[in-house]
Structures are given as C-alpha cells and as structure tokens.
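These protein sequences, in sequence, are chains G and S.
The first sequence begins at 0 in numbering that gives the first Met the number 0 and counts up one residue at a time.
The second sequence begins at 0 in numbering that gives the first Met the number 0 and counts up one residue at a time.
Simulated from the structure, these hints should not be mistaken for laboratory data.
Do not rely on the hints blindly, as some may be mistaken.
Stated by the list, open to error - Covered by chain G, according to a simulated footprint, are these stretches of chain S (three or more residues, beta-carbon under 8 Å):
1) 65-77
2) 255-262
3) 340-352
4) 360-368
Virtual Cβ for every residue (Gly too), placed ideally from N, Cα, C.
Protein chains: 2
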Amino acid sequence: MIDLLIEKLRSVLPDDRSFLALHEPNFQGNEWQYVKECLDTGWVSSVGKYVDLFEQKLVEYTGVSHAVAVVNGTAALHISLLLSGVEAGDEVLMPTLTFIATANAVSYCGAIPHFVDCEFRTLGLDPRKLATYLAEIAEVRQDECYNRQTGRRIKAIVPMHTFGHPVDLDPLLDLCARYQIELVEDAAESLGSFYKGQHTGGFGHIAALSFNGNKVITTGGGGAILTNDAELAKRAKHLTTTAKVPHKWEYNHDAIGYNYRLPNLNAALGCAQLEQLPGFLAQKRTLAKRYQEALQDVPGLTFVTEPDFAKSNYWLNAILLDETEAHRRDELLRATNEQGIMTRPFWTGMHKLPMFADCPRMDLTVAESLEWRTINIPSSPFLGGRHDEA
Amino acid sequence: MIDLLIEKLRSVLPDDRSFLALHEPNFQGNEWQYVKECLDTGWVSSVGKYVDLFEQKLVEYTGVSHAVAVVNGTAALHISLLLSGVEAGDEVLMPTLTFIATANAVSYCGAIPHFVDCEFRTLGLDPRKLATYLAEIAEVRQDECYNRQTGRRIKAIVPMHTFGHPVDLDPLLDLCARYQIELVEDAAESLGSFYKGQHTGGFGHIAALSFNGNKVITTGGGGAILTNDAELAKRAKHLTTTAKVPHKWEYNHDAIGYNYRLPNLNAALGCAQLEQLPGFLAQKRTLAKRYQEALQDVPGLTFVTEPDFAKSNYWLNAILLDETEAHRRDELLRATNEQGIMTRPFWTGMHKLPMFADCPRMDLTVAESLEWRTINIPSSPFLGGRHDEA
Ligand SMILES: Cc1ncc(COP(=O)(O)O)c(C=O)c1O
Ligand SMILES: Cc1ncc(COP(=O)(O)O)c(C=O)c1O
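Taking the hints into account, I'd like the entire structure generated from these sequences.
The structure is reproduced here in structure tokens:
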C-alpha cells in the first residue's frame with residue numbers, strides 16, 4: 000500500500016524536485032514592488048499605507064466588515080478571546096486536534112481549554128456530539144454558561160477550520176445561542192474557505208486569520224482579526240497598538256495593551272499576496288482534484304475532501320488511513336519523507352500535552368482515531384500547475 | 000526663549016525639509032539586496048538564514064554571548080521577565096518614566112510594577128535613592144526579597160537606558176546582589192550605548208532590545224533577547240518558538256509557549272541595518288555635539304549629555320527645561336511642532352496611568368519634575384550629515 004501510495008503521489012507531483020515541502024510560498028506578483036516602496040519611502044514599521052490597504056482588501060475579499068492586521072495568528076486569537084470577555088478562570092471549548100496556538104491563546108488569558116471531540120467529515124469540532132455533552136455538563140445561569148462539574152464559567156468556543164475545511168457552523172451557532180457562549184472562529188487555516196457560500200471568519204463574534212509562511216498567503220509572519228462589529232474592531236485596534244489614547248504629543252494609555260501591530264513591510268507583502276489569492280486557490284483545487292483521482296484506487300486510505308456544505312481552500316491536503324492501516328502511520332511517514340515527499344501527521348491532541356493534561360474534556364474517541372490516521376501531503380499552489388493552465 | 004530655541008535648532012537642522020521627524024529610519028545599505036533575496040528564495044517566514052545571521056551579528060556587536068531575535072521589544076521583555084522567574088503576584092521594580100511596554104510586560108506575567116524614582120544625570124532609575132528605599136521596605140528571607148509593606152516577593156528590577164543614556168549600573172548590581180533581585184535590562188533604546196566600556200544589555204541576567212521603526216536600527220518591527228547564559232538563551236529560543244520539542248514530524252510542545260519569532264524578512268532588514276550602525280552612531284554623535292554647542296547660550300534649558308561613565312548612542316536628543324521654565328512646556332511643544340520641528344515630552348509617568356495607579360511606588364519627586372521638563376528634539380542620523388563628512 001505504501002509503495003502504491005508513493006507511486007500515485009509521484010504521478011501527481013512534478014519530477015524535477017528532490018524535495019517537496021508541505022506548503023511553499025510563492026512571490027511572483029507585486030511583492031518586490033510593494034516591499035521596495037516601503038524601503039524607498041522609509042515606511043517599514045507600525046504605520047504606513049499598506050497596513051490600511053491590507054485591512055481594506057481583507058474586508059473586500061472575506062466580506063467580513065472589519066479587519067485588524069496583527070503580528071501573527073496567535074496574537075489575533077489572544078485579542079479575540081480577550082474581546083469576547085474571556086477572563087482568568089473561565090473555560091474555553093475547543094477541538095483537541097488543533098495547532099498549539101489555539102490552546103496557548105486561551106492560557107494567555109488565564110483561562111482553561113476544555114477539549115471537544117472532532118468528526119470525520121470535517122476533521123473539526125463535532126457540534127452534535129458537543130450538544131449531547133453540553134446537555135449533560137452545562138447550565139445557563141443569569142445569561143452565562145457554567146460547567147456543573149468544575150463550577151467554572153464556559154465563556155467561549157473556538158472552532159477551528161482544519162486544513163481549510165469549514166466545520167459545520169449552523170448547529171454550532173444554535174448551541175452558542177442556547178448556551179450563551181461566544182463563538183470565536185480560529186480561521187487561521189481557512190482564508191479562502193466558505194461555509195454555505197459565506198467566507199469563514201464572519202460567523203461568530205470575532206475571528207483570527209494567520210499569514211504565517213506556510214499558509215495560503217503569507218506576510219512573513221502575520222495575522223488578522225475579523226469581526227462584523229465596528230465597536231469590537233475599534234477595541235481590537237486599540238488593544239493591539241498599546242492602548243494609546245490619541246494625542247498630538249502626549250503618551251497616555253488607558254488599558255494594558257499589546258504591541259501586536261503588523262509592520263508595514265509585512266503588510267506590503269500581504270497586499271501583493273492577496274492579489275494572487277484567487278489564482279492560488281484555483282491551483283490548489285486543481286491539485287486536490289488530481290490527488291483525489293490518483294488516490295482513489297489506493298486501498299486502505301481515503302483522500303479528504305471538502306464537506307458538502309462548504310467550499311474549502313484545500314490549504315493542506317490530507318489522506319485518512321483506514322482503521323486497519325493506522326498502525327502503519329509512522330512507516331508511511333518515514334518512507335515518504337525519505338523519498339523527498341514531505342508528509343506530516345495530525346497534531347498531537349492537546350489533551351495529551353503535559354501543560355494541558357489536567358484540562359477538562361469530553362470523550363475524544365474520534366479525535367484519538369483521527370490523530371493516528373491523518374497524514375498531510377504536499378500542497379503548495381504551484382503543484383496544481385500554472386493558473387492559466389489550470 | 001522659545002524663539003531663540005527654534006532659531007538655534009534651525010541652525011543645526013537642514014532647511015530643505017518642511018517636517019523633521021523625531022527619528023527616521025535610513026535604508027541606504029544592503030537592505031534591498033537582502034530583502035529581495037528572501038523574496039526570491041521564498042524564505043520570508045520563521046526560519047531562514049537571516050534570523051541566524053542577525054543573532055550572530057548582534058552577539059558580535061554587543062559582546063553579549065547570546066542573542067535571540069524576536070518579534071519586538073515588548074515580546075523580548077515579556078520572555079526576559081518569565082525567564083527571570085517572575086510569577087503572578089510578584090513585584091517588579093522599574094522607573095516610572097519609561098515607555099508603557101516595560102510595565103505592560105510585567106502585567107503579562109501577572110506581576111505588579113513597583114515604581115522607582117529617576118535621577119537627573121541619566122534620566123533613568125536612581126540606584127542611590129533606591130538603596131535608601133529598599134533599606135526601608137525590603138527584607139531578604141531564604142534568598143528571596145520581600146516587600147514588607149505588601150508582603151509580596153520582589154523578584155526583578157528593570158532599569159531602562161532612557162534615550163540611550165545608560166543608568167549607573169554598578170551600584171544597581173550591588174543592590175541586586177544584596178537583595179537577591181534579578182536584573183533585567185530594558186535596553187530597547189540603547190543599542191550602541193556602553194557603560195564603562197561594555198555594551199548595555201550584558202550586565203544583568205537577561206536584556207531586551209527593540210528594533211521598532213523609530214529606533215537606532217529597525218527591522219520594521221523586531222526585538223532581541225540578550226544574555227550571557229547559554230541555558231537561558233536556549234530556553235528563550237524555545238519559549239519564543241511555541242515550545243516545540245524537535246522531532247522530524249511530530250508536534251509536541253512541553254510548555255505554554257509563544258509565537259514571538261522574528262520573520263526572516265525582517266531579520267534581513269536587520270542585517271543590513273546593523274552593517275550601518277557604526278555610521279549611524281557617528282552621525283548621531285555629530286548631531287548631538289552640534290546641538291550641544293548651538294543650545295549652550297539658550298537661557299532656561301540644558302541639552303542632555305551622556306553621563307561621564309557612559310558612551311551613549313544619543314538615540315533621542317533631549318533638552319531639560321529649568322524648573323522656572325517647566326510651565327512653558329506645552330507652549331514650546333506647540334510652537335516647535337507647528338513649525339515642522341517635531342518635539343515630544345517625556346512619557347507620562349506610569350504611576351499616573353489608570354491601570355497602574357494602584358501599584359506600589361517610592362517617592363517620585365525627581366521623575367515628576369523630569370516629566371514636565373524634558374523634551375525630545377529631532378534625532379535622525381542623517382541630521383548629523385553624511386558619515387564620511389562626519
Ligand atoms: C489552527 C491555527 N491556529 C492558530 C495559528 C497561529 O497562527 P500564527 O502561526 O500566525 O501565530 C495557526 C498557524 O500557525 C493555526 O494553524
Ligand atoms: C523603553 C522601551 N521599552 C520597550 C520598548 C518596546 O519595544 P517594541 O516597540 O519593539 O515592542 C520600547 C520601544 O518601543 C522602549 O522604548
């Protein structure tokens with residue numbers, strides 16, 4: 000099976016490269032022009048026209064009303080949680096299968112991650128299983144949700160759109176309304192992904208994007224906060240720019256703030272990248288389609304496709320090993336990586352990491368199974384061919 | 000006096016500019032080349048040769064054994080405090096006259112700033128006055144220092160080298176040894192400043208640099224942690240890179256970590272800027288000398304010069320109004336800014352800001368006086384003339 004898989008992967012991938020990364024950035028648009036302009040004018044730092052332009056373009060592209068550019072996705076999550084009223088001692092629901100940043104951001108608020116199981120269809124949080132669980136453990140008192148078992152407030156939930164595949168948001172929104180829990184979307188991986196026709200990141204209270212080097216578009220390091228609430232956007236800008244009160248020369252600050260600004264230099268890169276996003280997405284869909292076709296006859300695995308309610312950006316392509324093949328995961332990882340085809344397993348479930356081992360959790364059977372069966376394969380846009388060919 | 004001051008400032012400053020900022024960056028070295036290389040090779044993000052090179056060059060320049068590049072000076076301070084063992088509920092001593100980041104970073108640790116008075120000579124923390132104060136309020140029990148008045152542990156002290164002028168470190172080091180307090184240098188403003196021949200940032204446990212757009216050199220946004228302790232440097236790198244445990248493909252993390260990496264793109268800028276640092280410093284010394292000469296006959300003020308134990312980078316030039324002229328501060332700020340000569344007062348004392356108003360403090364008479372009497376004037380390197388002329 001492993002040999003056949005490698006053969007099929009090779010049939011999709013170009014043969015002129017000795018190493019294929021999971022996701023490489025591509026800078027063939029206006030990157031150099033915009034970046035050079037920053038250097039030539041001296042506007043490289045925390046103020047500059049590219050920061051404003053990047054925010055404006057994110058708004059146009061996603062259809063979410065406000066975007067605040069920040070230094071990375073982790074910072075975006077941190078501020079999103081603070082602005083959702085998450086306080087020390089609260090619990091925040093999140094899938095156990097996510098990148099560490101989701102859980103870390105909760106910790107920065109002094110709050111406690113509470114781990115939720117995932118579903119096979121989306122690889123993300125399972126809203127139906129969560130409904131059953133909340134019916135058991137949660138109660139609403141005076142418009143706030145409490146965990147009956149720990150006595151702590153459950154303030155927010157952070158669904159994460161894994162590898163770009165949107166979670167099923169409608170039932171989740173129902174749950175949030177019923178239990179008075181704030182929805183904070185971790186959309187770090189889902190720029191270019193739509194749920195029922197609407198871009199991810201606009202469904203909840205507030206959301207976080209990431210433009211890390213391995214994402215669909217990159218600013219070197221970067222992120223953004225998205226929200227449809229003008230007041231929240233204003234507070235996000237304020238908190239991420241040291242909470243300085245505007246004044247011609249005086250330095251007054253009215254809250255504990257952060258230096259989470261995205262430098263203009265990085266925003267310039269982002270503007271050029273956003274222009275190319277539709278092209279990247281088309282290439283990525285082509286690549287996913289080719290993988291799907293090539294892998295359909297490989298026994299023992301399934302290529303992960305977008306759920307039927309969503310259009311995914313296919314950020315990272317993934318294969319799901321059958322239960323019976325799960326024990327061969329590491330063998331498969333070794334063989335592919337040795338041959339220069341980069342592959343990677345799912346993240347380790349957050350509940351297994353030492354600093355989160357004591358956090359509350361529901362039954363995590365599906366996540367535990369997914370963790371051993373999911374493998375990412377090379378997903379750079381260029382692997383889908385030139386856009387005009389695609 | 001204000002008219003004469005403006006006339007004298009004009010005699011030093013070029014007359015072909017309608018607006019002179021406080022500190023402008025200058026990109027006339029290899030910035031283009033290095034940044035373009037990042038774009039051409041695709042290495043813009045969290046790994047890349049410029050990050051390593053930048054760290055190595057910082058070590059060479061400062062003579063401090065280890066440097067860890069991070070996303071900004073605030074992040075550098077945050078991690079420096081964590082690595083000095085600052086925990087929730089501890090107190091951290093710092094001058095009340097500092098940029099907000101110093102106090103914010105303490106808050107991120109859940110600790111409490113404890114404000115110390117400044118001295119005229121350095122504009123920074125006054126070690127002699129602090130000695131008298133600690134004799135009154137502090138006691139050492141089992142190798143740890145406690146504030147007798149609040150019962151809290153005093154874990155660290157953060158001297159800040161204001162505008163690049165080093166504080167008097169020797170008596171401070173004595174105090175730290177006597178009271179078992181960790182010394183964390185906020186060297187955000189003092190790259191290129193030396194105390195008794197040795198670069199700032201190497202005297203205490205650990206130190207923070209900033210490469211914000213207004214600093215002596217800039218990376219757009221950026222900072223670094225400096226330390227002479229190899230083990231600390233390793234932990235700083237680990238904590239600032241999400242505390243990931245190295246593995247070929249597995250995602251394990253062994254602590255609550257941060258995404259505080261400096262992107263390679265920004266590090267590339269830093270490498271080019273560091274090459275020009277000696278030139279910038281020469282220009283800045285020339286400018287300071289010209290200011291000093293031009294302003295010596297203006298009654299009612301003194302130009303701030305480096306303390307005799309130090310060589311300052313003269314990051315921001317400053318004038319100190321006489322007591323009798325302090326009431327004219329805002330008038331002076333208005334007149335100069337209206338004429339396109341940017342000036343700025345000292346920061347508002349941290350103890351006056353709402354979120355720090357309840358923090359412990361000593362008598363702050365000198366700081367309160369300095370706050371009303373200190374004004375920064377344009378300090379960009381190019382104002383000192385071309386380097387080869389300088
Ligand atoms: C799910 C998820 N959340 C958060 C982040 C954090 O983003 P960043 O790396 O930009 O801090 C990432 C990406 O790294 C991510 O994949
Ligand atoms: C004294 C001081 N500390 C800390 C910082 C924070 O650095 P940064 O702006 O890079 O976060 C600065 C500069 O802005 C500063 O002047």
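Of the hints stated earlier, which fail here? 4
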